[in-house]
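Required output: the full structure, derived from the provided sequences and hints.
There are 2 protein chains.
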Amino acid sequence: MNGFDRAEYAARTARAQAMMDRAGLAALLLTTEPEVRYFTGFLTRFWESPTRPWFLVVPALGAPVAVIPSIGADLMGRTWISDIRTWSAPDLADDGVSLLSDTLAELVPRDGAIGLPDGHETHARMPLADLDRLRAALAPRRIAGDAGIIRRLRMVKSPAEIARIEAACAIAGRAFARVPEIASAGASLSDVFRRFQILCLQEGADWVPYLAGGAGPGGYADVISPATPAPLAPGDVLMLDTGLVRDGYFCDFDRNWSIGQPAPAVQAAHRRLVEATRAGFEAARPGATAADLYHAMDQVLGGGTGAGRLGHGLGMSLTEWPSLIADDHTVLEEGMVLTLEPGIATPGGILVHEENIVVTPGGARYLSPPSEPEIAVL
Amino acid sequence: MNGFDRAEYAARTARAQAMMDRAGLAALLLTTEPEVRYFTGFLTRFWESPTRPWFLVVPALGAPVAVIPSIGADLMGRTWISDIRTWSAPDLADDGVSLLSDTLAELVPRDGAIGLPDGHETHARMPLADLDRLRAALAPRRIAGDAGIIRRLRMVKSPAEIARIEAACAIAGRAFARVPEIASAGASLSDVFRRFQILCLQEGADWVPYLAGGAGPGGYADVISPATPAPLAPGDVLMLDTGLVRDGYFCDFDRNWSIGQPAPAVQAAHRRLVEATRAGFEAARPGATAADLYHAMDQVLGGGTGAGRLGHGLGMSLTEWPSLIADDHTVLEEGMVLTLEPGIATPGGILVHEENIVVTPGGARYLSPPSEPEIAVL
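Listed in order, the protein sequences are those of chains A and B. Reading the first sequence from the start, the letters are residues 23 to 400 in my numbering. Reading the second sequence from the start, the letters are residues 23 to 400 in my numbering.
FYI, nobody ran anything at the bench for these hints, they're computed from the structure. Certain hints may be false.
What the hints assert, rightly or not - Restraint ranges, calculated between C-beta atoms of paired labels, are given here:
| no. | chain 1 | residue 1 | chain 2 | residue 2 | range |
| --- | --- | --- | --- | --- | --- |
| 1 | A | 207 | B | 180 | 33 to 41 Å |
| 2 | B | 120 | A | 84 | 26 to 34 Å |
| 3 | B | 199 | A | 213 | 20 to 28 Å |
| 4 | B | 289 | A | 174 | 49 to 57 Å |
| 5 | A | 356 | B | 355 | 51 to 59 Å |
| 6 | B | 120 | A | 56 | 39 to 47 Å |
| 7 | A | 127 | B | 83 | 44 to 52 Å |
| 8 | A | 151 | B | 100 | 50 to 58 Å |
Claimed, not checked - One side of the interface only, derived from the structure: several residues of chain A facing chain B at Cβ under 8 Å:
| no. | residue |
| --- | --- |
| 9 | 96 |
| 10 | 148 |
| 11 | 231 |
| 12 | 321 |
| 13 | 324 |
Stated by the list, open to error - Here chain A is said to cover these stretches of chain B; the calculated rule only asks that three of the stretch's residues, wherever they fall, bring their Cβ under 8 Å from a Cβ of chain A:
| no. | stretch |
| --- | --- |
| 14 | 67-76 |
| 15 | 91-97 |
| 16 | 103-117 |
| 17 | 144-153 |
| 18 | 208-218 |
| 19 | 227-235 |
Predicted model only: the values in this text are computed from it and were never measured. Backbone N, C-alpha and C define an ideal beta-carbon position, used for all residues, glycine too.
Spelled out as structure tokens, the structure:
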């Protein structure tokens, strides 16, 4: 159940190759987990180890070529990739650079350009000194950017990908529904975090790469802090925001609860957030832009929290392009999966609400089970 | 409980600055989670989101300067860092590059060099196009490598760091001891993986970033694959290898179990692995090299699995320098934390065993509760 049909990977490769042809790129060089998995289905938590670089080359014609540490040969051999070249990593003298250079030299003409993703939300997962060595070994071939190809490909999800994100969302929805079992006044926030991750696993998460949240009287200070042992107290707002993974795909949404009866300002803030989310939902259709969704939500909020954006893409990574900000004019297409994540200031700090949606021809569809306007009470 | 005393961060900074002086570097530029946390204590799971870059500048004199997205200002403000410069990220036109460039221009003389880690097991977590823009903006200042400074600093752990790794190891040890509760013939491997992560959380893990393993008759194919729904069967060897995190520090060790009575070859292989681990343990003392530990274990094994190394460093990352391979001549020092991870081929595949140790003046000390020579039976 880890990979998709061979046809899906072949179609992705063909789409990439058509874009490469238009951009004048003779190959793509990919180094990060979602980039490699996008074309191969290679799924392992071993990327948690920063020691070894992993490379995938998408040539102008034919299937991708994996240039990887030998420890991954068996697992890569179970994907559709047949050209798998390995070295015994770590090799302190030459950690795959010669093997990768030889592979690219074989696949790319001397006057050709190799596309390495270099834009927003990307990085090259390999030592910079090795990248310099690779550039020198490949000259006169050039290593350039990828002309945004990976971004454009990954932003639009296939039906099979959407089904996986929806499955992850359903798991988180069931875990959120069980929060009354684990959280109440007196419970420490760090215990609530542990127990919520247990609920996610019990409901079917493969793993829980992300959990953040907060708790405080009438609001919380931010949405990225780890838990403290501080006990929940009456009047606190508790927020849990999870990115759990099922079959290699994330959900990313949150829920808020009031410990005991909420203050009127907290009730009003939560209703406003749900209203803003619905405005974003209504605005989401093919042809609208990321900025349109931002403005639709911002208008309801009447001023946010200063945290920046009001949502983002979602898929193999917890956060992906586009960003729901005023300056992102990405045109929405059928198959894009987005989070709607409005935030609002309260007397006690901030409140943030988040749902996950997919863009369909007729408008948006919720992938997360959407929250009620009234904040839940614990 | 997330950070250490201010004195620990100040001492780390002073050690870095002494090394920078010798290497002719006017500043360090750091972009990854463990690098930023090493000097600040800034701990958040938000790094899971690849969208935003985060920067820390260690100048030649004085405390580090954080150049970060505004979403992290509150949390960074709770560390010892007082010079925190923020921008509203994501900014598609200028995602922190000008702010970082201005900061570095202020702290680094025009003929100065800025050290960005570029060696083995490093990468720059920022878009390559932005790194090019930064280089251009800072000229004639140069962005060079870090002369291995971060590697040398992070390889030697403080007593406070060792205590945290030991606490993580104890949690995993308790979880491994409870595996008979969750695994037996007929249980699916993917359910065992889920339930083992629950045990880790119940025993005190903050989160479980890494779990791998395998199961198969008389051995398994590799140690990096995710779980499949295949049920465990009598004669299988089950292996679970976890990197759980407590207070920001990892453990990384594994355990093997036989489902029902093990074949004599499996029993012998497990005894051999424990014997090899003990040989590595005996060889580990200040002045010995990483290669010495490799050879001590390899001699007992009489030929490994081809997977490369027989252990590695451990700390804020699941795997760190050095590598226990024949070519790594890193000299061990008091305070280095290592995994000993011998592997061996069996008729059914491979078996891998792993323990965690710390180097002390008198020799090694186990941080993981060491395994018995006899493979456990479920």
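Practice prompt. List, from low to high, the hint numbers that the structure doesn't satisfy.
Written response: Hints 2, 6, 8, 12, 13 contradicted; others consistent.
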